[in-house]
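Trainee: Here the sequence shown stands for residues 238 to 451, numbered as in this note's numbering.
None of the hints are false.
Computed cross-link-like contacts, EDC-like style, restricted to lysine to aspartate or glutamate with a CA-CA straight-line distance of at most 20 Å:
1. Lys374 - Glu326
2. Lys304 - Glu329
3. Lys356 - Glu329
4. Lys324 - Glu347
5. Lys374 - Asp343
6. Lys304 - Asp343
7. Lys374 - Glu329
Computed Cβ-Cβ distance ranges for the label pairs, DEER-style:
8. Gly307 - Ser400: 31 to 37 Å
9. Ser333 - Val434: 56 to 62 Å
10. Leu410 - Glu347: 45 to 51 Å
Hints listed in this document are in silico derivations from the structure and should not be mistaken for laboratory results. All C-beta atoms, glycine included, are put in the ideal place defined by N, C-alpha and C.
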Amino acid sequence: MTSNKEPQNASAPGKHKHVWKKRGAAWSRWLHLYLSMLSFAVVLFFAVTGLTLNHAEWFDGQQAENKRTGTLPAAWVNAPDTARIRKLEIVELFRSKYGVKGAVSDFLVEDDQCSVSFKGPGYSADAFINRPDGTFKLTELRLGWVAVLNDLHKGRDSGPGWSWLIDISAVFLTVVSLSGLAMLFFLKNKRVKGLVVGLVGGIVCYLLYWLLVP
Numbered sequence: 238m239t240s241n242k243e244p245q246n247a248s249a250p251g252k253h254k255h256v257w258k259k260r261g262a263a264w265s266r267w268l269h270l271y272l273s274m275l276s277f278a279v280v281l282f283f284a285v286t287g288l289t290l291n292h293a294e295w296f297d298g299q300q301a302e303n304k305r306t307g308t309l310p311a312a313w314v315n316a317p318d319t320a321r322i323r324k325l326e327i328v329e330l331f332r333s334k335y336g337v338k339g340a341v342s343d344f345l346v347e348d349d350q351c352s353v354s355f356k357g358p359g360y361s362a363d364a365f366i367n368r369p370d371g372t373f374k375l376t377e378l379r380l381g382w383v384a385v386l387n388d389l390h391k392g393r394d395s396g397p398g399w400s401w402l403i404d405i406s407a408v409f410l411t412v413v414s415l416s417g418l419a420m421l422f423f424l425k426n427k428r429v430k431g432l433v434v435g436l437v438g439g440i441v442c443y444l445l446y447w448l449l450v451p
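Please construct the entire structure, taking both the sequences and the accompanying hints into account.
Mentor: Written as structure tokens, this is what we have:
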């Protein structure tokens, strides 16, 4: 009976190894497939905007400038104590009444005027307010939808929420790449060729950088 059990015990490690390989291959395929589909829109977005960002001159002439004048309550800005200037009310007035968008990037107070700057993807607005009487000049600049996409690609003036989305997308794409590499290790007949092709691709990228970048 002892001689019958020994081959079974000897084959157990090999069996467990086979099961581990099978599960590892299944998990790598699952991760690669579903994360690829989940991040498909992200990959497409950054691919397209990478092209538009590299050739911004293709889309020149889309910007539109809008200049307006108006008056806000002088009491909001003419207080001798600059700490009493009604910054929140001023910003909300421009948003609600004049449709200004974006986040406030600057609010500067000088002796005779205040200046407020708003920035968003493909968008900027600047207001110069006369402190003695509350009159102001407002200039809005809209750079077009391509500029919006390009700024989103760079994460410029797009807020902390979008910055988090870029970070999450980067993690997703990293996992997609690594799961694809893991899949290759489970393909016995294509493993070596695949690794060689990957290595050649890395060398080509480095050579292109070395040859083309000043």
